[in-house]
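Chemist: Residue strings, one per chain:
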Amino acid sequence: MKKLSQIAMLTLLTCLLPLLSLVSEAAMDRDKLLKDPGVYGTFAVFQVDEDWWKLDKPARMSAVSEMKAVFQKHSETVITDAYLLRGLVEKADFLVRIHSPEILSNQNFLIDLMGTTLGKHLKNTYTFNGITKALAYVPSFPEELKAELKTPPPQGSPYVIVVPIRKDAEWWISGQDARNGMMKEHTDATVSYLKTVKRKLYHASGLDDWDFITYFETSKLDDFNNLVIGLLKVKENRHNKRFGDPLLLGTIRPLDEILEILSR
Amino acid sequence: MKKLSQIAMLTLLTCLLPLLSLVSEAAMDRDKLLKDPGVYGTFAVFQVDEDWWKLDKPARMSAVSEMKAVFQKHSETVITDAYLLRGLVEKADFLVRIHSPEILSNQNFLIDLMGTTLGKHLKNTYTFNGITKALAYVPSFPEELKAELKTPPPQGSPYVIVVPIRKDAEWWISGQDARNGMMKEHTDATVSYLKTVKRKLYHASGLDDWDFITYFETSKLDDFNNLVIGLLKVKENRHNKRFGDPLLLGTIRPLDEILEILSR
Amino acid sequence: MKKLSQIAMLTLLTCLLPLLSLVSEAAMDRDKLLKDPGVYGTFAVFQVDEDWWKLDKPARMSAVSEMKAVFQKHSETVITDAYLLRGLVEKADFLVRIHSPEILSNQNFLIDLMGTTLGKHLKNTYTFNGITKALAYVPSFPEELKAELKTPPPQGSPYVIVVPIRKDAEWWISGQDARNGMMKEHTDATVSYLKTVKRKLYHASGLDDWDFITYFETSKLDDFNNLVIGLLKVKENRHNKRFGDPLLLGTIRPLDEILEILSR
Amino acid sequence: MKKLSQIAMLTLLTCLLPLLSLVSEAAMDRDKLLKDPGVYGTFAVFQVDEDWWKLDKPARMSAVSEMKAVFQKHSETVITDAYLLRGLVEKADFLVRIHSPEILSNQNFLIDLMGTTLGKHLKNTYTFNGITKALAYVPSFPEELKAELKTPPPQGSPYVIVVPIRKDAEWWISGQDARNGMMKEHTDATVSYLKTVKRKLYHASGLDDWDFITYFETSKLDDFNNLVIGLLKVKENRHNKRFGDPLLLGTIRPLDEILEILSR
Amino acid sequence: MKKLSQIAMLTLLTCLLPLLSLVSEAAMDRDKLLKDPGVYGTFAVFQVDEDWWKLDKPARMSAVSEMKAVFQKHSETVITDAYLLRGLVEKADFLVRIHSPEILSNQNFLIDLMGTTLGKHLKNTYTFNGITKALAYVPSFPEELKAELKTPPPQGSPYVIVVPIRKDAEWWISGQDARNGMMKEHTDATVSYLKTVKRKLYHASGLDDWDFITYFETSKLDDFNNLVIGLLKVKENRHNKRFGDPLLLGTIRPLDEILEILSR
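Protein chains in written order, with this note's numbering: chain A, -9 to 254; chain B, -9 to 254; chain C, -9 to 254; chain D, -9 to 254; chain E, -9 to 254.
In case anyone wonders, no lab produced these hints; they're calculated from the structure. Among these hints, one or two may not hold up.
For chains that are exact copies, the list does not tell them apart, and a pair is met inside one copy or across any two.
When the alpha-carbon atoms are kept at most 30 Å apart in a straight line, the in silico DSSO-like pairs for lysine-lysine are as follows [said to hold, decoys possible]: (1) LYS63 to LYS225; (2) LYS123 to LYS25; (3) LYS63 to LYS210; (4) LYS157 to LYS223; (5) LYS185 to LYS63; (6) LYS81 to LYS58.
In this text the structure is predicted, and so the values were computed from the model without any measurement.
The whole structure should be built from the sequences, with the hints applied where relevant.
Modeler: As structure tokens, this is what we get:
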């Protein structure tokens, strides 16, 4: 009986999904939200608990459909991206990045996600919160460098890296000029990787135990390794009280694929 | 049988709640307690355990009513506020802030809360204790600044942030004049945000592993992010041995709504 | 059947307790043990696990009686005090302080306590060990101060605070004169609170990951907060590698009341 | 019924394994992959959970065969090595080291491994990721030393040690010459152990919360202890923000032996 | 049926134990192994899990006999000592110290121990590994001091203390002369306690996240407290990056007594 009703629900959800899809596609302007300042980003990392695997296959598949429906339902208020961390990061299976103009919407989405059958089997390992801001180009940067910084980022990169950062007191107290000087050095070190590493910055002071959440996409992890080494070599590195710990490394995959892996 | 008695209890509690409400409304002078010095504040953070979700819906609803009754019962000795952290802070679902003139009352309330059916499914992730004191306005502050500091705080803010702080030995040893100077700088940095960020301070030395519990309400998290960045830039920041870690970010919601989310 | 035998055991224990009481009252000289040097103090903090609450009421009551009998049985070799931490400290329900001239007796008591039905449901969150020593009054202290230090401590204080402390290498290497100077300053800061805060000191180096276990009783937590702030302001504070973390705050309650709260 | 099908699956897998073996043997050039730069190494540490031992013997044996098949299936895309840590490292039973030209292959292998019956009983205690690079021989090294550094490593060593390392900001900022000087000293300290300790280096900055993953094989742990003491004595040691913690010590054993130990 | 077979196994094991005993008594030269350099010591700390106590008494007794047989079986390759930590150290019930000329033997013993019924209920809280070395008497020590250092240690001490230590980079880089000077001071501080505190030193660099494992036996814990305070006062203390944390304090008891306590 129980299995039958699960299959029924599964069938129902499968039929409804395309409809939900149509609705949501009109909902949020994804490109704008990913570019605008004043947008709140929440990074929520989850790990399935051991009891999840004790559910039978139809129950797991039904739970997966229920969770997909939550993503659809909230697509009018938030945009979401999913990443698979399993295998590359301990104590973490997947990451959801949520954007919206109001962090309350991010919370309401996550409450619904965590309230599903699968959600009740998820351990929320880490959560990072941040806000996007207009890029504060340092005024004295040469035009050429500013142009390079606007180069469109690489498409179709399979890897994601998220590095939360906390600066030390000296960083903040040193004054705008000193910080500009150090950020100029920082930016110079990244220029060679603009074409292979896509970046996005979130400000986290007061929203989390971090000052910045840095987000990267790339298809060339060796380039990313060299980029980070370059950043370690500039003076700004002296002021990183924490750099990662946890650093998240994963692969960009469709939500369907991630959930399929968890319902195998 | 068991379900029937649960529904019966639920019905009974639902009938009694309005009566309890009448009683409690007369009980404590909320405004006075939130303004007076010498009041003890306890911040208790809870996370529901995985077994909670295995209870059936009527059992969860009955448990929720039982917990609401505990809030009512103690409303003569403590005032309480509830906040939803779920989705925005890992390992935390909700926060209860308790005030009373005697910390023993806070403890007795929490013992009863933790002794309910739902309470037995709660993990007490964090607890902070503090005491309010008369605001020590630094004597040399200009009258104008003192006036601004008395500006009534914003109403109806949906967000709460709690940041526990531990100062280093140099802060305490540096002497009153040095501390006054640094606090003047600190206060200057906050003035622009008086209208959008409501603040409350608790002294925690000896009551907890912190020196201060700072509490904020706001509807503009971007302002709060800028406020914190302003505070990071003053010299006092050198003396923050710990600032947050954990920082709590949540939404101010009626207890009923929070418990409804947990009993869905 | 099982319930009947539990009730029988409970009845039996209840009858035996007064007799056990008579025996133990003659056993240890409590006042002497609390005053003497060379006495070992063990502070054991426990938290009940989630399965405890799944036992039915008679089983919990029987388990409580069984545990009380362990306290009685060992009253010839150890003296014990119980404190309720639940609600005021995360991950902790109660604290037992054990004194005896031989730490082996403390261990044997705790082995028996942890071997009871309730004990098997207890998680031993923290344990601190220390030894009392003759008070090393700094020779140059004025007679008046020495007299004040002998003032009998306050009676009937409801609150307990336990702060374990680890000193840094410079403290120990700085030499006796430097330490005396700093301890003089320390003692001056505490004089005003002698009448409201009762203190006891344990030496822990080599017995635990701490150098001192400091123990306080008071009915005025605001005084205690001020006392600690006073201690933070003296130079000795520079040499506190760890001060608390965990700091334990609780209420002094009869063992019966604590166990009743846990068997509700 | 269930047991019968488990035995059937076991039999089937046992028959298939030699076939799979034939296929895979042709698959990857192990020697090349272990020598080439630009190869990604993932170190995944696992601990079996307590429920694993509650499975009956045939179920455990079937689960072991299922896992062996995953190693075979992926042998065309990754090479793997297995090590037993149980008994020598807390919270860890075994380590799998995976190499491939694309870290995605490492992840896909681990997803399959973690998706098996045994995999669902594994806790992924630690994961380290790194990339190999061409050895940057410091130009001014004497030819003789360079020759010694090319000495073929010892064969048949039973012990493995993995030490992840994070350098401090000063290391990275000090400049190439300063680092070369320190690395020359480092290399001198290791020369005497080239014949008994085999080494391999992975670069981890940006792929993990480490800068280097250092890997060692030896049959003489006393030599390795002396080698590490030698490295502690050179100036480079000042720049190890973290050295190990966790350090992994284990024995090199065939996968079959490790899985047999876990299915006893 | 199940209980009968458990009792049968218990009886069988009880009959076999004396025979096993005869075999093993000839096996390893305990005194030599405890004195020789080049011997590997492994310190494994275990805590029973909550499910252990749910086994019935005969099952626990049978499991205890099974574990004793493992100690006997390996007595030809390792020597073992058992210590009870329960009650004196949180998260730890007992400690086994294993010595053998090859750490592989220590691992094989622990694999068998952890593979027993009781072993499967043990959480391996901590493991420390070290190697003994010939005592490096500092050449300039006066003959008298060297003689005192050879004084035979006290017999029949009931207490054990294990303190793992990690030195800082300056310790190792400061040079042999500077270290000799500091060790001379260290040794002077310990001379008065040679008669009441027995010591043994293990070198751990590269085998664990420590540099030394220091092991002590004493019947006078107050002497040990004073000894440690003496060591804190010498300059070497500046170079203890970690000293304990965890420090293990326990009582030396026969394996039978320890296992009896865990099977009550």
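Chemist: The structure should be examined with respect to each hint, and the outcome stated for every one.
Modeler: Tested hints:
In this assembly of identical chains, the alpha carbons of LYS63 and LYS225 never lie at most 30 Å apart, being 46 Å within a copy and 47 Å across copies at closest. For a Cα distance limit of 30 Å, the shortest separation of LYS123 from LYS25 inside one copy, 9 Å, qualifies, whereas the shortest one across copies, 36 Å, does not. Taking identical chains as interchangeable, the C-alpha atoms of LYS63 and LYS210 lie at most 30 Å apart only when they sit on different chains, with a minimum of 26 Å there against 35 Å within one chain. Taking the shortest alpha-carbon separations for LYS157 and LYS223, both the intra-copy value of 16 Å and the inter-copy value of 11 Å come in at or below 30 Å.
Neither within a single protomer nor between protomers do LYS185 and LYS63 lie at most 30 Å apart by alpha-carbon distance, with minima of 35 Å and 35 Å respectively. When the C-alpha separation of LYS81 and LYS58 is checked against a cutoff of 30 Å, the pair qualifies both within a copy, at 23 Å, and between copies, at 23 Å.
Checked against the numbered hints listed earlier, the structure breaks hints 1 and 5; every other hint is satisfied.
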